[in-house]
Amino acid sequence: LAKTTQPISMDSYEGQEVNITCSHNNIATNDYITWYQQFPSQGPRFIIQGYKTKVTNEVASLFIPADRKSSTLSLPRVSLSDTAVYYCLVGAHYNTDKLIFGTGTRLQVFP
Amino acid sequence: DSGVTQTPKHLITATGQRVTLRCSPRSGDLSVYWYQQSLDQGLQFLIQYYNGEERAKGNILERFSAQQFPDLHSELNLSSLELGDSALYFCASSGQLGETQYFGPGTRLLVL
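For the record, the sequence lines run as chains A and B.
Under the working numbering, the first residue of the first sequence is numbered 1, with each subsequent residue one higher.
Under the working numbering, the first residue of the second sequence is numbered 112, with each subsequent residue one higher.
In short, the hints are calculated from the structure, not lab data.
Warning: the hint list may mix true and false statements.
As the list claims (entries may be wrong) - When the alpha-carbon atoms are kept at most 35 Å apart in a straight line, the in silico DSBU-like pairs for lysine-lysine are as follows:
#1 A:K69 to B:K120
#2 A:K54 to B:K120
#3 A:K3 to A:K69
#4 A:K69 to A:K52
#5 A:K3 to A:K52
#6 B:K168 to B:K120
#7 A:K69 to A:K54
#8 B:K168 to A:K3
#9 B:K168 to A:K69
#10 B:K120 to A:K52
#11 A:K54 to A:K3
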């Protein structure tokens, strides 16, 4: 699975938009990009997945440029409850038998 | 609530002992995955079962073993426990291979 690089931590304030960028320079043609969220002492929770361009759901948006060597998770108008660790994972959708988690990005939202 | 259940939530035991962690996947999911999360290692994939058969192995120690039963629930057995085995153990499930994995709440193991 492609190696990913994310910022270790980010700070934000309630109501702001947060963008977390993930680098995956050696992404393969068949690889998808998936983001998980994890609260302390809880299991990771699937947020969003995409292959190219832009994907949006009720929780977040995922922006993927044409070269797919990076991706940006966008969280609109964050609240205190968005304080968590966010993981970016890259792998082939049909072959993602094991998720390889990096260190993730620890997002702290302040009032 | 992901629909994946794990028991027990907490487990305290002594070095050298053996414990069994249980996981029930989401209804209809055939794949079960086990992960270990410790402070210094992050989330590590241990092993995967698909419809009762072992499919993939990760960084699972020989002292650890797992199985998936006909009703699709899975158990992770940890033996000859060491202090370093203290961690959160997560189970995840998915419908088909490669589909989104849904994680359970985890079992926190403390080895004293």
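Comparing the hints with the structure gives:
The suggested pairing of K69 (chain A) with K120 (chain B) is violated, with an alpha-carbon distance near 39 Å, which exceeds 35 Å. In summary, the hint linking K54 (chain A) to K120 (chain B) is not supported, as the alpha carbons are separated by about 38 Å, beyond the 35 Å threshold. Restraint check for K3 (chain A) and K69 (chain A): the C-alpha separation of about 11 Å stays at or below 35 Å, so the hint holds. A distance of roughly 10 Å separates the Cα atoms of K69 (chain A) and K52 (chain A); the hinted pair therefore holds under the 35 Å criterion.
With a CA separation close to 18 Å, the supplied pair K3 (chain A) and K52 (chain A) stays within the 35 Å bound. Taken as a hint, the K168 (chain B) and K120 (chain B) pair is honoured in the structure, with Cα atoms around 24 Å apart against an allowance of 35 Å. For the hint pairing K69 (chain A) with K54 (chain A), the CA-to-CA distance comes to about 14 Å; that is within 35 Å, so the pair holds. Of the pairs offered as hints, the one joining K168 (chain B) and K3 (chain A) holds, with about 19 Å between alpha carbons and a cut-off of 35 Å not exceeded.
For the suggested pair K168 (chain B) and K69 (chain A), the alpha carbons sit about 28 Å apart, so the restraint of at most 35 Å is met. With a C-alpha separation of about 39 Å, the suggested pair K120 (chain B) and K52 (chain A) falls outside the 35 Å cut-off, and the hint is violated. Our distance criterion of 35 Å between C-alpha atoms is met by K54 (chain A) and K3 (chain A), whose separation comes to about 21 Å.
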